[in-house]
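Asks: Heads up: the protein sequence lines correspond to chains A, B and C, in order.
Oh and the first sequence: position 167 is 167 in this note's numbering, straight run, nothing missing.
Oh and the second sequence: position 178 is 178 in this note's numbering, straight run, nothing missing.
Oh and the third sequence: position 102 is 102 in this note's numbering, straight run, nothing missing.
Keep in mind that the hints were calculated from the coordinates and are not lab data.
There is no bait here: all hints are sound.
Straight-line Cα separation of at most 30 Å, BS3-like style, residue types lysine-lysine; simulated pairs: (1) B:Lys339 to B:Lys329; (2) B:Lys77 to A:Lys146; (3) C:Lys152 to A:Lys172; (4) B:Lys383 to B:Lys210; (5) C:Lys150 to A:Lys172.
These stretches of chain C come out as covered by chain B in the derived footprint (C-beta under 8 Å, 3 or more residues): (6) 25-38; (7) 44-56; (8) 70-84; (9) 101-113; (10) 127-141.
For glycine and all other residues, C-beta sits at the position ideal for the given N, C-alpha and C.
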Amino acid sequence: MDKKVESIVQALQEKFGATLEEFRGEAHVFVRPEQIVDVLTLLRDTYKFELLSALTASDYWPQDAPRFHVIYQLSSLVENITMQIRVPVPAGGDQKPKVPTATGVYDLANWREREVADMFGIEFEGHPDPRRILMPVDWEGHPLRKDYPLGYEEPQFTFNFEDIDVRKPYAKE
Amino acid sequence: MAQIEEVNVDQFRHLVSERALTGETLLLNMGPQHPSTHGVLRVLLELDGETVVNAIPDIGYLHTGVEKNMEAKTYLKAEVMTDRLDYMNTTGNNLAYAMAVEKLVDLDVPPRAQAIRVILTELQRIASHLVWLGAFGLDLAAMSVFLYCFREREYILDILELCSGQRMMTTYIRPGGLWRDVPVEFETAVRDFLKMFPKRVDEYEALMTKNPILMDRLVGIGILDGATALSYGVTGPTLRASGVNWDLRKARPYMGYEQYDFNIPIRTEGDTFARYIVHIDEFRESMKIIEQALNKLPMGPVNSDNRKFVPPPRSEIGVSMEALIHHFKLWTEGFPAPKASVYSAVESPRGELGVYLEGDGGPKPHRVHMRTPSFDNLSVIGKICKGHLVADLVAILASIDIVLGDIDR
Amino acid sequence: MGVEQKLGDMGIVTTKLEELVNWSRTNAMWPMLFGLACCAIEMMAAQASHFDMSRFGMELMRASPRQSDLMIVAGRVTRKMAPVLRLLYDQMPEPKWVIAMGDCASCGGVFNNYAVVQGVDEVVPVDVYVAGCPPRPEALIHGVVTLYEKVKGEKFKDLAKA
Numbered sequence: 001m002d003k004k005v006e007s008i009v010q011a012l013q014e015k016f017g018a019t020l021e022e023f024r025g026e027a028h029v030f031v032r033p034e035q036i037v038d039v040l041t042l043l044r045d046t047y048k049f050e051l052l053s054a055l056t057a058s059d060y061w062p063q064d065a066p067r068f069h070v071i072y073q074l075s076s077l078v079e080n081i082t083m084q085i086r087v088p089v090p091a092g093g094d095q096k097p098k099v100p101t102a103t104g105v106y107d108l109a110n111w112r113e114r115e116v117a118d119m120f121g122i123e124f125e126g127h128p129d130p131r132r133i134l135m136p137v138d139w140e141g142h143p144l145r146k147d148y149p150l151g152y153e154e155p156q157f158t159f160n161f162e163d164i165d166v167r168k169p170y171a172k173e
Numbered sequence: 001m002a003q004i005e006e007v008n009v010d011q012f013r014h015l016v017s018e019r020a021l022t023g024e025t026l027l028l029n030m031g032p033q034h035p036s037t038h039g040v041l042r043v044l045l046e047l048d049g050e051t052v053v054n055a056i057p058d059i060g061y062l063h064t065g066v067e068k069n070m071e072a073k074t075y076l077k078a079e080v081m082t083d084r085l086d087y088m089n090t091t092g093n094n095l096a097y098a099m100a101v102e103k104l105v106d107l108d109v110p111p112r113a114q115a116i117r118v119i120l121t122e123l124q125r126i127a128s129h130l131v132w133l134g135a136f137g138l139d140l141a142a143m144s145v146f147l148y149c150f151r152e153r154e155y156i157l158d159i160l161e162l163c164s165g166q167r168m169m170t171t172y173i174r175p176g177g178l179w180r181d182v183p184v185e186f187e188t189a190v191r192d193f194l195k196m197f198p199k200r201v202d203e204y205e206a207l208m209t210k211n212p213i214l215m216d217r218l219v220g221i222g223i224l225d226g227a228t229a230l231s232y233g234v235t236g237p238t239l240r241a242s243g244v245n246w247d248l249r250k251a252r253p254y255m256g257y258e259q260y261d262f263n264i265p266i267r268t269e270g271d272t273f274a275r276y277i278v279h280i281d282e283f284r285e286s287m288k289i290i291e292q293a294l295n296k297l298p299m300g301p302v303n304s305d306n307r308k309f310v311p312p313p314r315s316e317i318g319v320s321m322e323a324l325i326h327h328f329k330l331w332t333e334g335f336p337a338p339k340a341s342v343y344s345a346v347e348s349p350r351g352e353l354g355v356y357l358e359g360d361g362g363p364k365p366h367r368v369h370m371r372t373p374s375f376d377n378l379s380v381i382g383k384i385c386k387g388h389l390v391a392d393l394v395a396i397l398a399s400i401d402i403v404l405g406d407i408d409r
Numbered sequence: 001m002g003v004e005q006k007l008g009d010m011g012i013v014t015t016k017l018e019e020l021v022n023w024s025r026t027n028a029m030w031p032m033l034f035g036l037a038c039c040a041i042e043m044m045a046a047q048a049s050h051f052d053m054s055r056f057g058m059e060l061m062r063a064s065p066r067q068s069d070l071m072i073v074a075g076r077v078t079r080k081m082a083p084v085l086r087l088l089y090d091q092m093p094e095p096k097w098v099i100a101m102g103d104c105a106s107c108g109g110v111f112n113n114y115a116v117v118q119g120v121d122e123v124v125p126v127d128v129y130v131a132g133c134p135p136r137p138e139a140l141i142h143g144v145v146t147l148y149e150k151v152k153g154e155k156f157k158d159l160a161k162a
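In isolation and in its complexed conformation, chain A is listed as follows (with noise of 0.2 Å):
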């Protein structure tokens, strides 16, 4: 890891009470869905991370409590490193999945967001534009959740083609 990015974990260690973990040189650090707003902020301001690569999310089910991971890649282009801040969001029972919006710290979390909320279902508080983005207005379910089926269709092979063939609905004139 490099010598730099050591210093600022250990700066978010001291503030946030953060956890890290490494692998293959990339440092990845926990920290709870309540500071995030302040922890980006600090980032940009003071440690000039101005661009946030990605920002997405990661189911774990059926474990409940974190169920989703929310990951935000941040690089900065003057100092040329990287980090990678991850928030576990726990889900269970009637207790929806929530975190504060960043899109008062990077402008690109606005669209961001609402493609994790429309995949994922995580409701993201203070977010000025909660509207589904890639799916249907009308659709129901979050589609990259685990318990969320594929949608597999039956391929036809000659040994099946009638009994799919009846059941296809083909379109009329």
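Fit chains B and C to the supplied structure of chain A, relying on the hints for placement.
Replies: Chains B and C alone, transformed into the frame defined by chain A:
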């Protein structure tokens, strides 16, 4: 089958100005099927006469569910789907995914494979910029540029067909190296292309760059400054035309880019004309890289030796028992990956193409996320189109270089 | 449609008239721009100068459905786009034909999941399927010529019944 959604102003009330609700401005739908939107993009325009007051893009008409589908396949079979995301830059997508898998399982790549990967990626960059130039000319009603560009593109597609058998979706670059070595005629074909192409670039410049009609239409249109661009996550030629010096090939070199000597074209104005000039200069830089890589092409194997991840060649299977077992395990089950996550990024013709790959100890990935550049490049459209005419909106959309397969995944 | 209904079966006059009508329909069939994804790039390459499609009558591509007779569905059709496709098909005037270009339009292709319609014949009736991912421009031209053979075999009595 879902019905077409009615455009209800309630959905967009917080995005349009108050004049739309009284009817003073017109809400017009620039629909998914349109000759100038580069694919299925829907833009909702609020117009005051011919001037654009607000432009709200609506995406998702090409959402293919690739990320979920890749979780159901093994690592090697999932690579087939990565070609079809950004269909102008197919070898670049393969490269980004292969680099992420190699980082996850810690696989080495021999130098000959690295050099050939660089040559193919730079050729693909030229092909992608040729299509960009053709579509750009078409949108500005300059049709002959389109025909010239597609004529050049046929040479590059012939080279790709020579290596892999397919013109566009090659899946030639795989984790561990390449599918197989390039044939003997590869070097002659690439050198012939390099001899012929610089004069063609001069032809395009003669047609378009000093053209007074083009300069009237492009200079001063759609100005994007560097700080806004970084905040919106814009990368690639669009960012470099706004004055920010950021290219992943120079900043975080991969695949041996540090050995090659090339420049990064940068302009400071940030308007459509600057983006056009940056694309034209990138043609020449790519040609320099290809020539250097071809001169330095080392001899050697094109695949890693690690048989646990890379299938053995067919000639070895008849002779060695271990090779047969490896081949069997790899094609029926796949190789396992550690329970960790990596992020690796390359520079595609549109910007930073990143792959976030997470394994879970088994043969199938737990989560694959492609950070595609056109998604963020498009989000800035609502900001830079205010106050321009509809024809300028078409020119700005053409210059930002979006590919809808990249956006909707 | 008036010619077919009025004439019916008049022997050799009808046959010669059929040939004339079919020949004129095939010689200047204008396709509608419906390029969705990667197959659209091969369709553009087929239109460009190396594999010229205007020698087969497809001189230009019309963006408006009211002025075209052929719809080449090139690319994957998703569930959000399917009603738009049907609306555009309904807006085309008769006589109209549909070519499903590529694997994704014919049967769903590589993508067998919740978001892609498995074959565009669930949405519009298709005349010719062209296979390939993406099909070479020569394959698309072969598909177009197959469609011409089909049109040349059309008879008035079938059209009058429709």
